[in-house]
Amino acid sequence: EQADRIGVDHMSVEDLKKLNKNKKLVKKLAKRYDFFMASDNMIKQIPRLLGPGLTKAGKFPTLISSSDDMQGKIDEVKATIKFQMKKVMCLNVAVGNVTMTHKEIVVNTQLAANFLASLLK
-5 EQADRIGVDH MSVEDLKKLN KNKKLVKKLA KRYDFFMASD NMIKQIPRLL GPGLTKAGKF
55 PTLISSSDDM QGKIDEVKAT IKFQMKKVMC LNVAVGNVTM THKEIVVNTQ LAANFLASLL
115 K
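Residues in the sequence shown are numbered consecutively from -5, following the working numbering.
Hints in this document: simulated from the structure, not taken from any laboratory.
Remember, it's a predicted structure, so these values are computed and weren't measured experimentally.
You can take every hint at face value.
Below, simulated DSS-like cross-link-like pairs (lysine-lysine); rule was C-alpha separation at most 27 Å, straight line:
hint	residue 1	residue 2
1	K53	K67
2	K21	K38
3	K72	K53
4	K53	K17
5	K25	K12
6	K38	K53
7	K11	K22
Whole structure, please, built from the sequences with the hints as guidance.
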């Protein structure tokens, strides 16, 4: 009901059953959307209905309880940045260009390091 009011795409349990763990359909679903949300009683059924497809894509649904404000939760998830570092624990950040002075590059490097540190929780 909330999803209809807000104008957000949604699927029922019957819609998920139609996918029937079909890997291609689940993969297509995962590519179509940036993130997924599910209620607490439905989130338990998702691995059974869809298999490991969403988890492999790194898009397992975010839990939303019935008391939560759906629009607020959607805005919160949209503002979230996910870093997925697999095997190589390395991160590249551009901090300047060749026309910048040494001092400007030092300041940018410090800003970038502080910003990245603030993202870690």
